[in-house]
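S.K.: Chains as they are written, first to last, in the working numbering: chain F, 1 to 312; chain B, 1 to 443.
Sample of chain B residues lacking proximity to chain F, with all beta carbon distances greater than 10 Å (derived):
| no. | residue |
| --- | --- |
| 1 | 71 |
| 2 | 102 |
| 3 | 156 |
| 4 | 184 |
| 5 | 188 |
| 6 | 205 |
| 7 | 248 |
| 8 | 250 |
| 9 | 260 |
| 10 | 264 |
| 11 | 303 |
| 12 | 346 |
| 13 | 350 |
| 14 | 390 |
| 15 | 400 |
In the DSS-like style, the derived pairs of lysine-lysine whose C-alpha atoms are separated by at most 27 Å in a straight line are:
| no. | chain 1 | residue 1 | chain 2 | residue 2 |
| --- | --- | --- | --- | --- |
| 16 | B | 437 | F | 83 |
| 17 | B | 345 | B | 135 |
| 18 | B | 432 | F | 83 |
Note that these hints are calculated values from the structure, not bench results.
Just so we're clear, the structure is a prediction, and the values are computed from it rather than from any experiment.
A virtual CB, placed ideally from N, CA and C, is assigned to each residue, including glycine.
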Amino acid sequence: MSRVLTVPLPSLRGSLTSSPIFRKCKPYLFLLPALLPLILFIFAPLVRSLYLSMLSWNMVSPNPEWVGFANYQELLTSEEFWKSTVNTLKYAGCLLVFLLVLPFITAYSVTRVPIRVQNFYKTALFVPHVLSLAVASAIFLWLFNPVVGVLNELLSLVNISAINWLSSPTWALFSVSLIVAWNTFGYHFIILLAGILAVPGEIVESARLEGMKRHLGLLRRIIIPLCGPTLLFVFIMTVVMGIQFAFVPVQMLTNGGPNQETTHLVFLTYQYGFQFFRSGLASATAILTFGLFLILIIVQALLLDRRVHYEN
Amino acid sequence: MRKMFCMLALGLGLIAGCSSGEVNSSTKSAQGEAFPEEAAAEDAVTIEYWHVNNEDWGGNAVKEIVQNFNESQDRIIVKETFQPGNYAGLLQNAQAAISGGHPPDVVQIGYNYISYVTENVPYVPIETLAAEDEKDPDFLSENYLENILDLGRPPGGDDIAGLPYGLSNPIFYINADLLAEAGWDPDHLPQTWDEVRSLSEMVRDKTGEYGLYIQEPPDSWAQYALVRSNGGHFLGEEDGKPVATLDMPEVIEVFDLMGDMVANGSALHMTWEEGIQAFTNGKVAMMMTTIGRRASIEEQSDFDLRSAVIPTFGDKERMVAAGGNALFTFSQDEEKQKAAWEFMKYLATPEAMQIWVEGTGYLPPVDGLAEDPDSLGPFFESNPLMQTASQQMEDVVPWINFPGENGIQAEQVLLDARDEILNGQPAEEVLKDANRKINEFIQ
Numbered sequence: 001m002s003r004v005l006t007v008p009l010p011s012l013r014g015s016l017t018s019s020p021i022f023r024k025c026k027p028y029l030f031l032l033p034a035l036l037p038l039i040l041f042i043f044a045p046l047v048r049s050l051y052l053s054m055l056s057w058n059m060v061s062p063n064p065e066w067v068g069f070a071n072y073q074e075l076l077t078s079e080e081f082w083k084s085t086v087n088t089l090k091y092a093g094c095l096l097v098f099l100l101v102l103p104f105i106t107a108y109s110v111t112r113v114p115i116r117v118q119n120f121y122k123t124a125l126f127v128p129h130v131l132s133l134a135v136a137s138a139i140f141l142w143l144f145n146p147v148v149g150v151l152n153e154l155l156s157l158v159n160i161s162a163i164n165w166l167s168s169p170t171w172a173l174f175s176v177s178l179i180v181a182w183n184t185f186g187y188h189f190i191i192l193l194a195g196i197l198a199v200p201g202e203i204v205e206s207a208r209l210e211g212m213k214r215h216l217g218l219l220r221r222i223i224i225p226l227c228g229p230t231l232l233f234v235f236i237m238t239v240v241m242g243i244q245f246a247f248v249p250v251q252m253l254t255n256g257g258p259n260q261e262t263t264h265l266v267f268l269t270y271q272y273g274f275q276f277f278r279s280g281l282a283s284a285t286a287i288l289t290f291g292l293f294l295i296l297i298i299v300q301a302l303l304l305d306r307r308v309h310y311e312n
Numbered sequence: 001m002r003k004m005f006c007m008l009a010l011g012l013g014l015i016a017g018c019s020s021g022e023v024n025s026s027t028k029s030a031q032g033e034a035f036p037e038e039a040a041a042e043d044a045v046t047i048e049y050w051h052v053n054n055e056d057w058g059g060n061a062v063k064e065i066v067q068n069f070n071e072s073q074d075r076i077i078v079k080e081t082f083q084p085g086n087y088a089g090l091l092q093n094a095q096a097a098i099s100g101g102h103p104p105d106v107v108q109i110g111y112n113y114i115s116y117v118t119e120n121v122p123y124v125p126i127e128t129l130a131a132e133d134e135k136d137p138d139f140l141s142e143n144y145l146e147n148i149l150d151l152g153r154p155p156g157g158d159d160i161a162g163l164p165y166g167l168s169n170p171i172f173y174i175n176a177d178l179l180a181e182a183g184w185d186p187d188h189l190p191q192t193w194d195e196v197r198s199l200s201e202m203v204r205d206k207t208g209e210y211g212l213y214i215q216e217p218p219d220s221w222a223q224y225a226l227v228r229s230n231g232g233h234f235l236g237e238e239d240g241k242p243v244a245t246l247d248m249p250e251v252i253e254v255f256d257l258m259g260d261m262v263a264n265g266s267a268l269h270m271t272w273e274e275g276i277q278a279f280t281n282g283k284v285a286m287m288m289t290t291i292g293r294r295a296s297i298e299e300q301s302d303f304d305l306r307s308a309v310i311p312t313f314g315d316k317e318r319m320v321a322a323g324g325n326a327l328f329t330f331s332q333d334e335e336k337q338k339a340a341w342e343f344m345k346y347l348a349t350p351e352a353m354q355i356w357v358e359g360t361g362y363l364p365p366v367d368g369l370a371e372d373p374d375s376l377g378p379f380f381e382s383n384p385l386m387q388t389a390s391q392q393m394e395d396v397v398p399w400i401n402f403p404g405e406n407g408i409q410a411e412q413v414l415l416d417a418r419d420e421i422l423n424g425q426p427a428e429e430v431l432k433d434a435n436r437k438i439n440e441f442i443q
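Chain B extracted, bound-state conformation (with noise of 0.2 Å):
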């Protein structure tokens, strides 16, 4: 019986120290080698910083930014972890680690989660972090323009929530080589819709090939682009009230237009991961997608890449919802919030930013970097699909998002919707069915 006892004593044993081990491993790869913590000062903060950034997608250079940062004082230590599954596996964890009362201090919340934050989640408004900052009173209105610190509000909201960082917008991919075989001057590219539309079918009869591919991942990002520059909106306001209108006029003849060129062969409709194989294998004359994907979609091509702005419908203007994301701190502790801020400043600092970009091909958010010849100016001159992005910088709408505890429930509704257009059924009926779930989540 004694001997039971032992052994089981031993097994509990083993396991606490199992356990125990992988606390300190894990404790150890989170802080990275970027961490002197030995050489900080002991009375120093410590904050953590949660980003989506794997080595594929600028891990490297946000290991690098958190070196410096730690580097260059010894008031804060930042320790970064990656956390996997994009905005979403984030926001995920994040939301068990503020259950679990440990909250991260700073953290990346993809746009169109800040209408789902701000409702549901305890954080602190950058605004008053910045007001509160006697130093630096001005940071926000010296360093960013009002349409770019919009981004960072929630829908209808007054303070700004969270601080714009990681930005991009959608541009048009072209294979210049498959448009001349086509019969199109290349160096004339389509500057409306109809005119995009006409393009497609030329490919489609002249090379077999497919026209146009619009990304189609598991958000409406692009549709939002488009519905938006044809002067029409996925939300609006009755009585104060949120409410879906999926049913306008604007809504169902930009969806018609998707389904009506995928139905006529003149457009693909797969998965975005499939869409992009398909244009960097020369399958496609145009891409709608990210800036964001510029590296591997360059890397991948061996025909006459190019870039155009999104063309407009007719004489509309143009409108490119913001991607990327907004730093917020879902900090409680005052010494921390105030480290947070502090590192989020040095994160906007040209050096610091300029890592950034270029390691991501996200476009930078603080005014007057892309043409600073002493900053990120030479890196966005020698790269033209970059200069097409910052372009459309003008054009950029924050990206609303339904609102509510069930706001992102309502969204793949309308993702539903885009896949059964795509399939063939009719944009009218389709949107006016999902106008309708939609607005029974939201309301």
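Looking at chain F on its own, in the form it has when it is part of the complex (with noise of 0.2 Å):
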């Protein structure tokens, strides 16, 4: 008793890709794939956290309160948050000359070495980088035990007094940072030194055919403009991951000790939430290490990104 459908059904594929809606989305579409992850993973936890910035809450209690800005305020006025900024910022001092000056003059000597002993370098600053930094940090607490550690065996030598590694308040940041940068120099050296080696040979040699026969002029007027975006990213890494990459030893010898001399952005919020179970407090320092962070890139791209030449 059906009815026998006998009208041709229009393209229904050419119908939809047609429409001026599916037009307009198509790119999106596109873009979903990308775009889904960091929506979940970036941005949904990023307003999560914004929320959790304005409760009392311990993550189990079943009616966390509502504060407003009083977590922030908090901050703003406690003395280990300014602490931790500040120690943020000498982080960021001590691991840009650990890990973009140092690496990039290392970097530029060994171009300047015949290639089969650049490439014993390459592999012995590479070495330490393949270990983990909970493993460097544990090779570093034998290092710097102020008893019986190398370190202090090799002062002694030279009739330098002790000095106590860890829990000293003036030694124990630059410690910390000693281990990053010993564990990350490697990774840095070898960018830098694609960089270095990217910069035409021509160019390097009719600068020379110009007068320009001393390495500071080269460098100045040669190398470091035409590896600025290597170098750009290194700085980047430097500053935003270099102080994640100080949590290890922080969290595994420290704690942030002693007096809060080693605590960062990044361990105060982990502390706030994690040991002091104050996840709105914790949320509250993490947006504003986020915004900290923000300035620093909108700097970056109002500043130095004007003085990159990209070749492309």
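Two chains, two frames, some hints: make the complex.
M.R.: Here you go:
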């Protein structure tokens, strides 16, 4: 009794793809695979953090208390937040020397030696990077020991009195930076070396012919400007990732001590959230840290990026 | 376009496949090999046991105990899960599980977290479970001394919240060779802190090494013992409200002593791991740390290693805080609560306790086991360091922590103050400042 459908169906596919709505959505559909993880894993947690930062909550209590901006107020008036901020800047300073300036100088020096020797340096300097930071921290725990550690033994040979590397307020932050630097130096060195080697030889040669004989001049006028993008990348990596890398030795060796001297904003966030179980305060710290890094990235975009020469 | 959707669907399918694979594998690893699930009766209750014991610290003992329990009956299946990050890490994960609606059933809670847990986390007091046990109504009073049961109570609380399980206390580890080299008779170990001070100076002057190291992990357990032994306290009460008492003269005296000894070079100030390294390398004559590190210290020391009870402040009574953990149940399901209680009772049996004590170095909380010739007696007799810790059990007091939801943060203030004093700041000034800050957190 059923009716036989005799009217031909319009091509569904054709009408769908030619509709103006589809045409408008099409680029976004292509973007979706990249956008979806970003939304799920970056932006949604960010918005959630913003919401959590307005609560007083230990993650378990069924009644989180809405406190508005009280967490931000507490943070901005607390000594430890400002100490952590200053420490974060100190870490950035230390790490920029250890992970940008020194690897760059080393990489440039290595380009001046014969290829065979170059290969040895590449391998030797990269080796520490294959170890995890946790292992590196455990190794340095022995090296730093004020009484039986190798570093103090070496210092005693030149009559320098023992340093309490991890427990002295003067040295602790430097020591933590040193662990991160030892572990990450090789990676940054290889990137910078690749950047320097990519500088066209004919430009260097013609600069020499034009009378630029000194290394300093060559570096300043030719190598550094042409390595701009690489240097910028390593700069950002050092500042953003270096602070996060510094979390591992802090958590394993100092727990932020002595007297909060090695705490930084990333560790403070962890400490509030997972040691003190104050997720509201932790989220507020995370948001403020995000703000600080956002400012840094904007400054970088406005100032540094303009001075960087991209070949393309 | 169709291709794109197919790819997307495939991709999502892969993600889903990966995640379900992960769940399966984690469940499998959580079960381990110790759970013959298929052998259990169909109506068996499955409970989760969360612990902090990794392979180097009694992890195998825990597995063996759980396996024995699972094989001994078919009504309850226990799944043991190791939680990294010690007691803080375990509590952090437990909080996440509770907020996700899957509370673990039997959980090791460090004594220093009892205040926090009882005030902030939903739990069932052990005393309630014991009272409901018709078969064994006097289990607690028959097996535990009153001062041990007190360790599982929150400060000022009436009910026993957790069942004391892991039990340690701090002892003095002694390098007898270094003491002899300094000219001190190692058979007459120091009895008071005055003697410790002069002996440490003697070691410094005669050998060039250090006299003393007091452990400095991220907690104030050792300092708490000293302060209590000197008649002081970190926490008091005023008009029914908790108040910090770091400004008590007895507390200041203790921190002054530590600060002075570090300043004059007779004692060491360094992180806990560094301190143990220095001691086992023969650079320190005396070290105050937990009996829980006995096994590794014994293994690494190649000198005449001895032990002593913690010295006293003159004639004052010695008090040491209990370290370790109590077992809590966070389960909200009545059947699981009963199963959790059954399992906890099994953990206190002599056979399970023997595996636990020998595997971890903890002391047995159950009364009489350490002396029992059929249980742990021979183990204690052959181990003088364990005897020292056991001897101190009568001096054990609960480790009281700062109350309230910010109690753990208040403890951090005390640790920062300790750092400042050991780095040369005047104790009185630092402690008064810390006292003010702690009061802001706990009131």
